[in-house]
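Participant: One-letter residues, chain by chain:
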Amino acid sequence: MTLTTPPPATITEHITTAGVPLRRRRKATPGRVLLYGVLTLGAFISLFPLYWLVVMASNSTSDIYTTPPTFVPGPRLFDNIGAVFSRIDFAGSLLNTVIVACSVTFLVLVFDSLAAFAFAKFEFPLRRTLFTITLVTFMLPMQLAVIPQFITMTNLGWVGQLQALIVPAAANAFGIFWLRQYMVSSIPDELMDASVLDGAGFFRQWFTVCLPLIRPGLGFLGIFTFIAAWNDYLWPLVVLTNPNQVTLQVAMAQLNTAFGQDYGMVMAGALLAVLPLLIVFLIGARQFIGDIAKGAIK
Amino acid sequence: MTSATRVMTASGVRPSARPRGRGLVRHWPMYVAIAPFFLLFLGFGLFPTAYSLVLSFQDWNGLGAAKWTGIDNYTRLFTDPTFWLSVRNTFVIFVLSTFPMLVIALAVAAMLNNAVRFSTAFRIAYFVPNITSVVAMAVLFGSIFGENFGLANAALHSLGLPGVQWLSTPFGIQLTISILITYQWTGYNAIIFLAGMQSIGGEVYEAAKLDGAGPIRSFFSITLPLLRPTIIFVLVVSTVTGMQSFTEAQVLTASSSTTNPNSGGAGQGGLTMVLYFYQQAFSYNRFGYGAAIAWGVFLIVVIFTIISWRFTAGKKEDKARA
Numbered sequence: 024m025t026l027t028t029p030p031p032a033t034i035t036e037h038i039t040t041a042g043v044p045l046r047r048r049r050k051a052t053p054g055r056v057l058l059y060g061v062l063t064l065g066a067f068i069s070l071f072p073l074y075w076l077v078v079m080a081s082n083s084t085s086d087i088y089t090t091p092p093t094f095v096p097g098p099r100l101f102d103n104i105g106a107v108f109s110r111i112d113f114a115g116s117l118l119n120t121v122i123v124a125c126s127v128t129f130l131v132l133v134f135d136s137l138a139a140f141a142f143a144k145f146e147f148p149l150r151r152t153l154f155t156i157t158l159v160t161f162m163l164p165m166q167l168a169v170i171p172q173f174i175t176m177t178n179l180g181w182v183g184q185l186q187a188l189i190v191p192a193a194a195n196a197f198g199i200f201w202l203r204q205y206m207v208s209s210i211p212d213e214l215m216d217a218s219v220l221d222g223a224g225f226f227r228q229w230f231t232v233c234l235p236l237i238r239p240g241l242g243f244l245g246i247f248t249f250i251a252a253w254n255d256y257l258w259p260l261v262v263l264t265n266p267n268q269v270t271l272q273v274a275m276a277q278l279n280t281a282f283g284q285d286y287g288m289v290m291a292g293a294l295l296a297v298l299p300l301l302i303v304f305l306i307g308a309r310q311f312i313g314d315i316a317k318g319a320i321k
Numbered sequence: 468m469t470s471a472t473r474v475m476t477a478s479g480v481r482p483s484a485r486p487r488g489r490g491l492v493r494h495w496p497m498y499v500a501i502a503p504f505f506l507l508f509l510g511f512g513l514f515p516t517a518y519s520l521v522l523s524f525q526d527w528n529g530l531g532a533a534k535w536t537g538i539d540n541y542t543r544l545f546t547d548p549t550f551w552l553s554v555r556n557t558f559v560i561f562v563l564s565t566f567p568m569l570v571i572a573l574a575v576a577a578m579l580n581n582a583v584r585f586s587t588a589f590r591i592a593y594f595v596p597n598i599t600s601v602v603a604m605a606v607l608f609g610s611i612f613g614e615n616f617g618l619a620n621a622a623l624h625s626l627g628l629p630g631v632q633w634l635s636t637p638f639g640i641q642l643t644i645s646i647l648i649t650y651q652w653t654g655y656n657a658i659i660f661l662a663g664m665q666s667i668g669g670e671v672y673e674a675a676k677l678d679g680a681g682p683i684r685s686f687f688s689i690t691l692p693l694l695r696p697t698i699i700f701v702l703v704v705s706t707v708t709g710m711q712s713f714t715e716a717q718v719l720t721a722s723s724s725t726t727n728p729n730s731g732g733a734g735q736g737g738l739t740m741v742l743y744f745y746q747q748a749f750s751y752n753r754f755g756y757g758a759a760i761a762w763g764v765f766l767i768v769v770i771f772t773i774i775s776w777r778f779t780a781g782k783k784e785d786k787a788r789a
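Line by line, the protein sequences are chains S and L. The first sequence begins at 24 in our numbering and counts up one residue at a time. The second sequence begins at 468 in our numbering and counts up one residue at a time.
In case anyone wonders, no lab produced these hints; they're calculated from the structure. Predicted model only: the values in this text are computed from it and were never measured. This list has only true hints and no planted wrong ones.
Some chain S residues well away from chain L (every beta-carbon gap over 12 Å; in silico):
{"#": "1", "residue": "PRO96"}
{"#": "2", "residue": "ARG99"}
{"#": "3", "residue": "ASP102"}
{"#": "4", "residue": "ALA106"}
{"#": "5", "residue": "ARG110"}
{"#": "6", "residue": "GLY180"}
{"#": "7", "residue": "LEU185"}
{"#": "8", "residue": "ASN265"}
{"#": "9", "residue": "ASN267"}
Here are the simulated SDA-like cross-link-like pairs (lysine to any residue), alpha carbons at most 25 Å apart as the crow flies:
{"#": "10", "chain 1": "S", "residue 1": "LYS317", "chain 2": "L", "residue 2": "THR779"}
{"#": "11", "chain 1": "S", "residue 1": "LYS317", "chain 2": "L", "residue 2": "VAL707"}
{"#": "12", "chain 1": "S", "residue 1": "LYS317", "chain 2": "L", "residue 2": "ASN581"}
{"#": "13", "chain 1": "S", "residue 1": "LYS317", "chain 2": "L", "residue 2": "THR649"}
{"#": "14", "chain 1": "S", "residue 1": "LYS317", "chain 2": "L", "residue 2": "VAL583"}
{"#": "15", "chain 1": "S", "residue 1": "LYS317", "chain 2": "L", "residue 2": "THR772"}
{"#": "16", "chain 1": "S", "residue 1": "LYS317", "chain 2": "L", "residue 2": "VAL671"}
{"#": "17", "chain 1": "S", "residue 1": "LYS317", "chain 2": "L", "residue 2": "ILE699"}
{"#": "18", "chain 1": "L", "residue 1": "LYS534", "chain 2": "L", "residue 2": "ASN752"}
{"#": "19", "chain 1": "L", "residue 1": "LYS534", "chain 2": "S", "residue 2": "ASN178"}
{"#": "20", "chain 1": "S", "residue 1": "LYS317", "chain 2": "L", "residue 2": "PRO696"}
{"#": "21", "chain 1": "S", "residue 1": "LYS317", "chain 2": "L", "residue 2": "TYR672"}
{"#": "22", "chain 1": "L", "residue 1": "LYS676", "chain 2": "L", "residue 2": "PHE686"}
{"#": "23", "chain 1": "S", "residue 1": "LYS317", "chain 2": "L", "residue 2": "VAL704"}
So these bits of chain S aren't anywhere near chain L, every CB distance computed over 10 Å:
{"#": "24", "residue": "PRO98"}
{"#": "25", "residue": "GLY105"}
{"#": "26", "residue": "ALA114"}
{"#": "27", "residue": "LEU117"}
{"#": "28", "residue": "LEU118"}
{"#": "29", "residue": "ARG238"}
C-beta: ideal position from N, C-alpha, C; glycine also.
Work the whole structure out from these sequences, hints included.
Facilitator: Encoded structure:
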C-alpha cells in the first residue's frame, strides 16, 4: 500500500547508489506491500470496535438503527452523556472506581515494593520458605475464596463498602515476584553498602535507594494494577450489594440491562468507562508493552 | 517454578555482614516489610480457601445455622445436568476462542517481527483491545451482534449472506463470546509471541538461509520449535483464564435471560462454569453448593491445564523422535 512507498525511500536509494549506504532500507517488494497491507488491516480490525463505540455514542438510537447503518460520528455525544448522568449515578460510580483503583494501586506499590526489597536484597531466617509460599499463592484461583470472603465481609460489616474492594487487593504475589526480579538486576550492592555506612536502616534504604532506582518497574506494576482494579467485575458485583453504590463496570452492566434499548446512551456510558483507562495506557504504552513481553518470556 | 527457584539462588543476595544473632529479633524490619502481604494472604487467601472446603460439606443459605451434609453437595454436583452443561459450554467457548486466537496471534507476531516501520504504532494498536474493559466491550458486542440492526448481520446481508441468530441460539451465544475473547486477547498474545521470537538469535536464520530455507520454511522449522516455551506459557494462561470466563458471558446474556439474569441466555448457551457458580451462590444463596461448584471448577481447570501443558510439551518428544 502507500505506506511502503513514501518519498524518503527514493532518497535513501539515491544515497545508497551514490555509495553511501546510510541505512539499509528494504524496497517495496510485493511481499512487503502484502505484509504492511495485512498488518494495517489487522490494526484496523483491532481499533474499529472503539471507533464504532464513538459512532454509536454520538448518534441517537434511531440514527443507528438504519439500513445501511451510519458510519460517521453524529452530533449527539453530549446529549447521550447527559442522559447517562441523569439516568444513573454515573458520577458517583466513576468516583468510586477512581477511589478504588487509586488506593489499590498506591497500596500495592508500597506493600509489594517493601516485601520485594526484603526478599531481593536481604538475608533473614525463613526467607526462602516465605518466598516460595509467596509464589505458591499465585496458584490459588480466585473463585474458591469468593463465598467465604463475602461471609467475612458480612461479619466485618464491609458489604457494600469500598474497603471490601481495596483491602483484599492491597498486596499481591505477582507484584512482589515481578519487583523482586527487577530489584535484583537494578539495585547495585555498592549503593546498599554505601547507604549502610551512612547509617540508613531498612526503611530509609527502601525509600532513598530502592524506590528511585526501580521507578520504571513501579510504573509498569502501577499501570497493570490500575487497569486490573478499574476493570474488575466479579468481586464488585458480589460485594457491592447496594445498587446505588457501585463501580463503573457494575454500573455499566446495570445500565445495559435496564436501558438496553437506548443504545446511544448505553454506548456513551461504555465510552466514558473506557476512556480514562485508554489515556492511562497510552501515557506509558511503549514501555508497558515491552515489560509485559519481558515478564512473559523470562 | 523451577526457573524462579534457579533465579533466586543465582541472584546476588548479600549475606548479612554481621554474624548470625537472634535472627527474628534482629531482622524485624524485613518481617515488617513482608507482613502486609502475608497478613492479607492469611485473611483473604488462605482462610477463605480453607473455609470454602468446609462450606462445601455443608448446606447453608447464609442465614441461620449451617447443616453438615457430608459429601451430598459433591454427589449432587456429579449428577447435576446443568453443571455438566456449563462444563460443556465453557469447553466449546474455550476451543472456539483459544485455537483461532493462538494461530492469528502467531501470524501477527511473525508479521510484526518482519515489519520495521511503524512497529510501535502497530503494537499499540494490537494491544489496545486488551486494556478496554470486558464489560464495555461486551456491551458493545451485544449491539454489534444484535439480530435485526446489528453491524455483523448488516455486513453479512450486504455480502448477500443470511444473518446469524447470534444472541438467541446457544451456539450463536457461544460463538459471540468466543469472538469477543479472541478480539480482546489476540493482540496481547501476539506481543508475547513477538518477544519470544525476538529472543531467537539471528544467526540461526542466517544459517538456514545459507542452506536455502525460505521464510515459510524457517518459520516452521526454526521459529515454531524454538518458540515452544512461549507457546506453552500462552496456552497455559489461556487455559486458566478461558476456563474461568465469566464477565463476557454474564454481560452478553443478562438482558436476554428470562428466568434469572445469570442463567446464560437462550438455551443457557452462555452459562459458563463460573457463571453457574455465581448464579447458585449469589442468586440463590446456596453457599454450600456454590463452594462445591468452585472446587469442581478448580479441579477441571487443573486437569485441563495439565492436558494443555502435556499437549505442547509432547510435541517436543515427537520432534526428537522424528
